[in-house]
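S.K.: Since the structure of chain Y is provided, determine the placement of chain Z on it from the hints.
The residues making up each chain are set out below.
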Amino acid sequence: MLDLDGVTLTRLLTAATLMFHVIFATIGVGIPVMIAIAEFLGIKKNDPHYLLLARRWARGFTITVAVGVVTGTAIGLQLSLLWPSFMQLAGQVIALPLFMETFAFFFEAIFLGIYLYTWDRFKNRWLHWLLNIPIVIGATLSGFFITTVNAFMNTPQGFDLLDGEAVNIDPLAAMFNPATPTKVFHVLTSSYMTSALILAAIAAFMILKKKGSFTYHKKALKLTMIAGLIFTAGTALAGDLSAKFLAKEQPEKLAAAEWHFETESNADLIVFGTIDENNEISNEIRIPGALSFLAGNSFDTEVIGLNEFPEEERPPLWVHYAFDLMVSIGMYSLFIAGIFVLFSYIKRFNEHNKFLLMGIVASGPLAMLAVEFGWVYAEVGRQPWILRGIMTVDEAATTSTSVGIAFGLFLALYAVLGFFCVRVLLKMFRNKPAEAELEQRFPGGKL
Amino acid sequence: MSLEVIGISVLWLFLYGYLIVASIDFGAGFFAYYARVSKREHIMSKLISRYLSPVWEVTNVFFVFFFVGLVGFFPDTAYYYGTALLLPGSVAIILIAIRGSFYAFGNYGSKDNTVYLFLYGATGLLIPAALSTSLTISEGGYLEETSEGVVFLAGELFTSPYSWSVVALAIVSVLFISAAFLTYYADRAEDVDSRAIMRKFALWWSAPTIGASLLVFAGLRDHNVEHFRRALDLWWMFGLSLLFFLIAAFLIYSGKRYGTAFIMVMLQFFFAFFGYGASHLPYILYPYITIEGSVVNETMGTALVIVFILGLCLLIPSLYLLMRLFLFDADYVKGKK
Numbered sequence: 001m002l003d004l005d006g007v008t009l010t011r012l013l014t015a016a017t018l019m020f021h022v023i024f025a026t027i028g029v030g031i032p033v034m035i036a037i038a039e040f041l042g043i044k045k046n047d048p049h050y051l052l053l054a055r056r057w058a059r060g061f062t063i064t065v066a067v068g069v070v071t072g073t074a075i076g077l078q079l080s081l082l083w084p085s086f087m088q089l090a091g092q093v094i095a096l097p098l099f100m101e102t103f104a105f106f107f108e109a110i111f112l113g114i115y116l117y118t119w120d121r122f123k124n125r126w127l128h129w130l131l132n133i134p135i136v137i138g139a140t141l142s143g144f145f146i147t148t149v150n151a152f153m154n155t156p157q158g159f160d161l162l163d164g165e166a167v168n169i170d171p172l173a174a175m176f177n178p179a180t181p182t183k184v185f186h187v188l189t190s191s192y193m194t195s196a197l198i199l200a201a202i203a204a205f206m207i208l209k210k211k212g213s214f215t216y217h218k219k220a221l222k223l224t225m226i227a228g229l230i231f232t233a234g235t236a237l238a239g240d241l242s243a244k245f246l247a248k249e250q251p252e253k254l255a256a257a258e259w260h261f262e263t264e265s266n267a268d269l270i271v272f273g274t275i276d277e278n279n280e281i282s283n284e285i286r287i288p289g290a291l292s293f294l295a296g297n298s299f300d301t302e303v304i305g306l307n308e309f310p311e312e313e314r315p316p317l318w319v320h321y322a323f324d325l326m327v328s329i330g331m332y333s334l335f336i337a338g339i340f341v342l343f344s345y346i347k348r349f350n351e352h353n354k355f356l357l358m359g360i361v362a363s364g365p366l367a368m369l370a371v372e373f374g375w376v377y378a379e380v381g382r383q384p385w386i387l388r389g390i391m392t393v394d395e396a397a398t399t400s401t402s403v404g405i406a407f408g409l410f411l412a413l414y415a416v417l418g419f420f421c422v423r424v425l426l427k428m429f430r431n432k433p434a435e436a437e438l439e440q441r442f443p444g445g446k447l
Numbered sequence: 001m002s003l004e005v006i007g008i009s010v011l012w013l014f015l016y017g018y019l020i021v022a023s024i025d026f027g028a029g030f031f032a033y034y035a036r037v038s039k040r041e042h043i044m045s046k047l048i049s050r051y052l053s054p055v056w057e058v059t060n061v062f063f064v065f066f067f068v069g070l071v072g073f074f075p076d077t078a079y080y081y082g083t084a085l086l087l088p089g090s091v092a093i094i095l096i097a098i099r100g101s102f103y104a105f106g107n108y109g110s111k112d113n114t115v116y117l118f119l120y121g122a123t124g125l126l127i128p129a130a131l132s133t134s135l136t137i138s139e140g141g142y143l144e145e146t147s148e149g150v151v152f153l154a155g156e157l158f159t160s161p162y163s164w165s166v167v168a169l170a171i172v173s174v175l176f177i178s179a180a181f182l183t184y185y186a187d188r189a190e191d192v193d194s195r196a197i198m199r200k201f202a203l204w205w206s207a208p209t210i211g212a213s214l215l216v217f218a219g220l221r222d223h224n225v226e227h228f229r230r231a232l233d234l235w236w237m238f239g240l241s242l243l244f245f246l247i248a249a250f251l252i253y254s255g256k257r258y259g260t261a262f263i264m265v266m267l268q269f270f271f272a273f274f275g276y277g278a279s280h281l282p283y284i285l286y287p288y289i290t291i292e293g294s295v296v297n298e299t300m301g302t303a304l305v306i307v308f309i310l311g312l313c314l315l316i317p318s319l320y321l322l323m324r325l326f327l328f329d330a331d332y333v334k335g336k337k
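Sequence order for the protein chains is Y and Z.
Going by the numbering used here, the first sequence opens with residue 1, and the numbers climb by one from there.
Going by the numbering used here, the second sequence opens with residue 1, and the numbers climb by one from there.
Think of the hints as simulated: they come from the structure by calculation, not from any bench.
Distance condition first, Cα-Cα at most 25 Å in a straight line; then the derived PhoX-like pairs of lysine-lysine:
#	chain 1	residue 1	chain 2	residue 2
1	Y	Lys-209	Y	Lys-354
2	Y	Lys-432	Z	Lys-46
3	Z	Lys-46	Y	Lys-427
4	Y	Lys-222	Y	Lys-44
5	Y	Lys-209	Y	Lys-432
6	Y	Lys-45	Y	Lys-218
Chain Y on its own, in the form it takes in the complex (with noise of 0.2 Å):
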């Protein structure tokens, strides 16, 4: 560890708190949807199924919140105490969703709070599940704020340069910039939809391993795979739409990750392959003029190459993998939830198949992956920039002489903490199995 230098450890020490950050954030993001329309369903339809899925999952939810507001807190003050100078210069244009953001969460957790103590104490249930809206609204609030920071990043505006110092601010350009409105739908779609498949992931164990209540779990995988559904649809459409916001904003960051150098219209697509020094590819998936296509719905569409930019100017080539590999993700999962809820629909087929279900218990973890993929591409790709276009990380980093240390002691932290939080939930449903609590709960499946 001793021959990285200072910007590098700092990079990693942020890339290790994001990555173990965003597996919380976007349950914490997604989960919420998946509790309010469960309880929903069981208050509509009289199912103790659905509020025992609703409550357990709520209770689960505990756990990785806490995980979630204290990594959220880490990264919060790591951007002041890593990236001071960005800090110091962005924190004039783009301070106020930073700010909102906290209000977005401290809404939230207020609700959280009541919304799990109070199962029992309203007499009509409805009231409980109104509970639910504040969380949801919090929730996706904070995603849609801190999102807009990060796009900020990409396509930062709302203020102009006068030897170093931002003047003429406009808080609201900077928080709307170009890059807002496809991140925020990407992000937010994306954690809806990694979240139904987890809890689907879930369902299908539980039946794979035939453990306990058939009906239950039955009804936990048909209600997250119908989301899981149509949030995969919706990430898709987001991805494609994120995909054209780059070609015509951040051109560079699409070439990187598509391995296209020489602008062109009808260009081709590569998936996956390998590159050598000279930029030469080979081994890959050609699928002519479907990058063109992907950029701009035609395929007379011209793509900027990254021959366009200086060298050093560039984002690192590896990142076509982590786009390679966060789109076919989302296809795969697309594909499984597809066949799950084709099938559920017509009588022939068995929705219960053993291999789909083992392909629906892989969805849940890939669907995850996808997301740290994205993250990296997002992240990666934008490099040499911290802010693109007027501050690189080079730049940003602190001077501090310390990172190494703080970077083992996260480390060390994000291990305790992910070994705790998986253990303690394991734990948690072991010693407490669905038809036990159903019936404790519902005795006679009665409510």
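M.R.: Same frame as chain Y, but now just chain Z:
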């Protein structure tokens, strides 16, 4: 009022809020652990967990709010504190992270795990100690601006009597505020045994808060005499603080009106904290950052203030609802709901 004064007042108010709710939370962790090892847990831990469970995340947000707001209103603080405080800041984050997660792990997962509870209790005293050093650093003398950037003089901090007096004050204040609140909460719950224990704690830690405050004053005189003089100009605020302390101690001692007593404790810390803050101005970090010199541009500052007011309109009713359901609902407090 000028933008920077509004900004710093808002932030200070939030830091005060954090001081109160976090002290209750930190102290409660310590008392819960103490109850477990002294085999009295059956009495106290139920009480403590009934209060803490619904509110702990809210506590954390107060803190996030403060530092996000500080960087928003005064971006230069990010540069100075950020560069210098990487290591102490990281330690504080790690302690907060351990505390928050292990509270959730212990409370929702494994209720009888003593290690989880120990981590929760120990961090409750270490976090205020760690966080209080940033106030110490703000007095100047522990950071140096060199050609290679801002350097943190850790040796100076660890050998400074002023720094240690602040740490002592932070810890005893946490225990006192927490004990005063839990006495009141036990009283509402009509939990006579817990109330007796907490009342004893509150009395035990009452005088040391005043003793430690005097030490801090003495240390400040040696360390930053300018600030000390400005504090003397505001003597009446510290006088009021002492007065409210005496009322609180008297009420707790005579065993009546614990609710009023806790409000008196809040006022005691309110006046001391604002007296300290007001005399600290115009500096945020002596001698590098003043509020006038580092305030964010006017457009952003105004936007932040507007958002802040709108946000409060949303938060105050929500907080009120939270408190009504868990703090002031007698049946909930007694464990009947």
